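Below are the chains, spelled out letter by letter.
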Amino acid sequence: MPNWNFLFDMLKIQSVSGDEESVSKFILESINQRKKNWIVTPEIYSGEKFHDCILLKFGNPTTAVFAHMDTIGFMVRYDNQLIPIGGPEIIPDVKLTGRDKFGEIRCSLLGDEEGIFHDFPRGIERGTRLSFEQNIRMDSEFIQAAYLDNRLGIFTALELCETLENCWVVFSTYEEHGGGSMPFLLKFIQETGPVKNALISDITWITDGVHHHEGVVISIRDKFIPRKKFLDRIINLAQKSGIPFQLEVEAHGGSDGREVQFSPYAIDWCFIGAPEDNVHTPDEKVSLKDLDSMIQMYQYLMKEL
Amino acid sequence: MPNWNFLFDMLKIQSVSGDEESVSKFILESINQRKKNWIVTPEIYSGEKFHDCILLKFGNPTTAVFAHMDTIGFMVRYDNQLIPIGGPEIIPDVKLTGRDKFGEIRCSLLGDEEGIFHDFPRGIERGTRLSFEQNIRMDSEFIQAAYLDNRLGIFTALELCETLENCWVVFSTYEEHGGGSMPFLLKFIQETGPVKNALISDITWITDGVHHHEGVVISIRDKFIPRKKFLDRIINLAQKSGIPFQLEVEAHGGSDGREVQFSPYAIDWCFIGAPEDNVHTPDEKVSLKDLDSMIQMYQYLMKEL
Amino acid sequence: MPNWNFLFDMLKIQSVSGDEESVSKFILESINQRKKNWIVTPEIYSGEKFHDCILLKFGNPTTAVFAHMDTIGFMVRYDNQLIPIGGPEIIPDVKLTGRDKFGEIRCSLLGDEEGIFHDFPRGIERGTRLSFEQNIRMDSEFIQAAYLDNRLGIFTALELCETLENCWVVFSTYEEHGGGSMPFLLKFIQETGPVKNALISDITWITDGVHHHEGVVISIRDKFIPRKKFLDRIINLAQKSGIPFQLEVEAHGGSDGREVQFSPYAIDWCFIGAPEDNVHTPDEKVSLKDLDSMIQMYQYLMKEL
Numbered sequence: 282m283p284n285w286n287f288l289f290d291m292l293k294i295q296s297v298s299g300d301e302e303s304v305s306k307f308i309l310e311s312i313n314q315r316k317k318n319w320i321v322t323p324e325i326y327s328g329e330k331f332h333d334c335i336l337l338k339f340g341n342p343t344t345a346v347f348a349h350m351d352t353i354g355f356m357v358r359y360d361n362q363l364i365p366i367g368g369p370e371i372i373p374d375v376k377l378t379g380r381d382k383f384g385e386i387r388c389s390l391l392g393d394e395e396g397i398f399h400d401f402p403r404g405i406e407r408g409t410r411l412s413f414e415q416n417i418r419m420d421s422e423f424i425q426a427a428y429l430d431n432r433l434g435i436f437t438a439l440e441l442c443e444t445l446e447n448c449w450v451v452f453s454t455y456e457e458h459g460g461g462s463m464p465f466l467l468k469f470i471q472e473t474g475p476v477k478n479a480l481i482s483d484i485t486w487i488t489d490g491v492h493h494h495e496g497v498v499i500s501i502r503d504k505f506i507p508r509k510k511f512l513d514r515i516i517n518l519a520q521k522s523g524i525p526f527q528l529e530v531e532a533h534g535g536s537d538g539r540e541v542q543f544s545p546y547a548i549d550w551c552f553i554g555a556p557e558d559n560v561h562t563p564d565e566k567v568s569l570k571d572l573d574s575m576i577q578m579y580q581y582l583m584k585e586l
Numbered sequence: 282m283p284n285w286n287f288l289f290d291m292l293k294i295q296s297v298s299g300d301e302e303s304v305s306k307f308i309l310e311s312i313n314q315r316k317k318n319w320i321v322t323p324e325i326y327s328g329e330k331f332h333d334c335i336l337l338k339f340g341n342p343t344t345a346v347f348a349h350m351d352t353i354g355f356m357v358r359y360d361n362q363l364i365p366i367g368g369p370e371i372i373p374d375v376k377l378t379g380r381d382k383f384g385e386i387r388c389s390l391l392g393d394e395e396g397i398f399h400d401f402p403r404g405i406e407r408g409t410r411l412s413f414e415q416n417i418r419m420d421s422e423f424i425q426a427a428y429l430d431n432r433l434g435i436f437t438a439l440e441l442c443e444t445l446e447n448c449w450v451v452f453s454t455y456e457e458h459g460g461g462s463m464p465f466l467l468k469f470i471q472e473t474g475p476v477k478n479a480l481i482s483d484i485t486w487i488t489d490g491v492h493h494h495e496g497v498v499i500s501i502r503d504k505f506i507p508r509k510k511f512l513d514r515i516i517n518l519a520q521k522s523g524i525p526f527q528l529e530v531e532a533h534g535g536s537d538g539r540e541v542q543f544s545p546y547a548i549d550w551c552f553i554g555a556p557e558d559n560v561h562t563p564d565e566k567v568s569l570k571d572l573d574s575m576i577q578m579y580q581y582l583m584k585e586l
Numbered sequence: 282m283p284n285w286n287f288l289f290d291m292l293k294i295q296s297v298s299g300d301e302e303s304v305s306k307f308i309l310e311s312i313n314q315r316k317k318n319w320i321v322t323p324e325i326y327s328g329e330k331f332h333d334c335i336l337l338k339f340g341n342p343t344t345a346v347f348a349h350m351d352t353i354g355f356m357v358r359y360d361n362q363l364i365p366i367g368g369p370e371i372i373p374d375v376k377l378t379g380r381d382k383f384g385e386i387r388c389s390l391l392g393d394e395e396g397i398f399h400d401f402p403r404g405i406e407r408g409t410r411l412s413f414e415q416n417i418r419m420d421s422e423f424i425q426a427a428y429l430d431n432r433l434g435i436f437t438a439l440e441l442c443e444t445l446e447n448c449w450v451v452f453s454t455y456e457e458h459g460g461g462s463m464p465f466l467l468k469f470i471q472e473t474g475p476v477k478n479a480l481i482s483d484i485t486w487i488t489d490g491v492h493h494h495e496g497v498v499i500s501i502r503d504k505f506i507p508r509k510k511f512l513d514r515i516i517n518l519a520q521k522s523g524i525p526f527q528l529e530v531e532a533h534g535g536s537d538g539r540e541v542q543f544s545p546y547a548i549d550w551c552f553i554g555a556p557e558d559n560v561h562t563p564d565e566k567v568s569l570k571d572l573d574s575m576i577q578m579y580q581y582l583m584k585e586l
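Chains as they are written, first to last, in my numbering: chain A, 282 to 586; chain R, 282 to 586; chain W, 282 to 586.
To be clear, the hints were calculated from the coordinates, so they are not data collected in a lab. Being a predicted model, the structure only gives us computed values, none of them experimental. It cannot be assumed that every hint is accurate.
No distinction is drawn between identical chains; accordingly, a pair holds when it is met within one copy or between any pair of copies.
As a list, the in silico PhoX-like pairs of lysine-lysine whose alpha-carbon atoms are at most 20 Å apart [stated by the list, open to error]:
#1 510 with 521
#2 376 with 293
#3 521 with 584
#4 509 with 477
#5 510 with 468
#6 382 with 509
#7 477 with 330
#8 317 with 306
#9 468 with 330
#10 509 with 330
#11 584 with 293
#12 570 with 521
#13 306 with 338
Construct the entire structure; sequences and hints are all you get.
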């Protein structure tokens, strides 16, 4: 039975890119509580040397699973101006929350792509991060909330830890705003317990070819393109697994896979994750069936890859 | 006498970015056949550890020559949609070919920059790569075909191998779609037999300053800019050589040189290659005189640099 | 008393990205003259192995200060066309200077963003670099000149050297045109005397939130975003210092900090520098009070960080 409480608690933590400290601590605490129930006890790497990232090394890995901890959001500029962090949807009147040295902030977003503002009565300190107010909804078919991208990728990675024997599980930062932690994470991995394969545990998009309830998405490409030989291997395994999945072919978008592609290591990579509707809004929506396929597919691949 | 049969056979192989396995095997076989006629027998590095790339190490190198093996093309999205790989020209009714698990594919491209489609009667598997149908034409002045970019760069690099004493010759992947193999290739080179200089054996553009029959192009810049001191050295040598060449100065475009520039190694780089008309179409056209200058210039520089 | 003669002499040297040899030699000579007055004599790394960059290692560093030596400019294309290097303002009739093998060049810029030309009576060699004619103006409040970005960052870094005990001071190239020296500089630093922090000594913009005479700018973000934990530490120290400073929050722009962010090392970074008006023109204008705050702030931080 999945650890829903962990997910719900994690969904309440803000972690706009560059400010992942709180969610990182929360995940680390959870790891320390849960690891006694895992088949293999991993080596845990965290702390200032890794900025706010966390790496778990199970056994002798040939594969690493990456899940990013940051979310999109906004930063307060001058006066009541806002500028985006990552690519949030600009939705007039949407509620934003955060805090500065004067206390808690709850306000509405005003404006449009041309200029974004907040309506908080007092000034907010320059550089304060705001993000969508959380509102978690779950029924028998769907979960809906802000930050599902990528709280569900983290959730999946930690569910996976229970049965892992040989694998790196890595929690990265900054993914929504151009990246920047992957290069040092990959260097550390390759110098500590090198891998050949990277799987990106993240959330993708509902499009005209990808639908709710049709299974986890294996991405053949976004803006970047994994090596065909590795994709073929993953897709063949997925077919053998009997677990529902769908294939994505998009021209845009990116993930931590981009930084694997451009790293100085010959590591194959593939994005595997459930699709969501209402991307980068407070109403991100994922099918529970697809989330289940995602967890199952990772469990299957970690045994077969 | 140049190895035209090798070139013609290589032009028939499809190798859209990310799917370079076939052309890589073909080149490796040719290397193994031809190396007995080379002055120096190189160390050959290839196989899964290098994904589909190939590296040849002749003697004690200070320079590396890079030629990319991939080409532009298209990927099948959903329904009959296509999305580009690299930057192919979108030419209505142009013929595309490829294959999926159901067999060979030959179809026409429909649409424009706003939306591209194929007219193949049956559905094509998601993620299938298509590229321009090949049609090789050669007369006394010109060669014309798809994929001259960068089959001629590979052709030149292999002609060069006959007389090489000290040099790396490297066949890279992914160049047309943002790169990604150069970082690990450069790391391997610098850790195995480090170099100071990189020459990019690739094909450039006919523009208002670069013309057919006026010699190989030495590029002073494209989007990126090599170091002036190194360019001056190359241009001085080219002037001494007596071999026809022309100087290019462009604001756009890129090559494997970009990834040398941004690598964590202080390696100078320069793009040297024949110019073509009808770039990224099935009718790429290169002057045989310019191709000859390209081969001669590389042979000269490899002795003098 | 600041070394104004050094600054004025350095402002007269052209060093468009990719052609930093002259300014690099000038800075190195100055270092060799001035180092006898410095508290700690640094190890000096320069020469072909570092292309045109210079690194100074004082004591046992945990922080590195970076100042770029290149400037924006133009390159001569074909006929009388020009293309930009970096992002110079296109100002009709502005005077440009440079030299090619036929001699000195002084001409006017014609055209606009759609097409730029020069009016020099004779042809200019392809690939020749031109940049704004220098005109240095200083009164009791302001310095105004071309190239203040980033001659003032270099000036500050060298003033700082007088009292440094433990720090890297690094002069980089190519910053205005996408970078490319930072990756190998960072690799050398981390392998020679690794650091945790990087400060970018560079010049930023007057905007609706950043004004002349209000102190050195600490940048909370430009296009890229430093880690909040490190920013908080810097801002706390700045507040304790009593030195005037202002906080910048911008959506665009970049610096050598970008390449620290994307490097394979977990190094925190922050941009700290005086703001200028008339960015990337011959009339860049900086408050002397802000320049003074910049020097003081670096001196303070180098003791406290």
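Hints, verified against the model:
Taking the shortest Cα distances, residue 510 and residue 521 sit within 20 Å of each other inside one copy (17 Å), while across copies they are farther apart (46 Å). For the identical chains of this complex, residue 376 and residue 293 are intra-copy neighbours only, at 14 Å inside a copy versus 53 Å across copies, given an alpha-carbon limit of 20 Å. Taking CA atoms no more than 20 Å apart as the test, residue 521 paired with residue 584 passes inside one copy only; the shortest distance there is 13 Å, against 55 Å between copies. Proximity of residue 509 and residue 477 under a CA criterion of 20 Å is satisfied intra-copy only: 15 Å inside one chain copy versus 33 Å between copies.
Taking the shortest alpha-carbon separations for residue 510 and residue 468, neither the intra-copy value of 24 Å nor the inter-copy value of 23 Å comes in at or below 20 Å. Proximity of residue 382 and residue 509 under a CA criterion of 20 Å is satisfied inter-copy only: 14 Å between copies versus 51 Å inside one chain copy. Proximity of residue 477 and residue 330 under a CA criterion of 20 Å is satisfied inter-copy only: 9 Å between copies versus 24 Å inside one chain copy. Taking the shortest alpha-carbon separations for residue 317 and residue 306, only the intra-copy value of 18 Å comes in at or below 20 Å, while the best inter-copy value is 48 Å.
In this homomeric assembly, residue 468 and residue 330 come within 20 Å of each other (Cα to Cα) both inside a single copy, at 13 Å, and across copies, at 17 Å. Taking CA atoms no more than 20 Å apart as the test, residue 509 paired with residue 330 passes between copies only; the shortest distance there is 16 Å, against 35 Å inside one copy. Taking the closest pair of Cα atoms, residue 584 and residue 293 never come within 20 Å of each other, the shortest separation being 33 Å inside a single copy and 39 Å across copies. Only within a single protomer do residue 570 and residue 521 lie at most 20 Å apart by alpha-carbon distance; the minimum there is 19 Å, versus 54 Å between protomers.
In the homo-oligomer, the alpha carbons of residue 306 and residue 338 lie at most 20 Å apart inside one protomer (18 Å), although the nearest pairing across protomers, at 35 Å, exceeds that limit.
Comparing the model with each numbered hint stated earlier shows that hints 5 and 11 do not hold.
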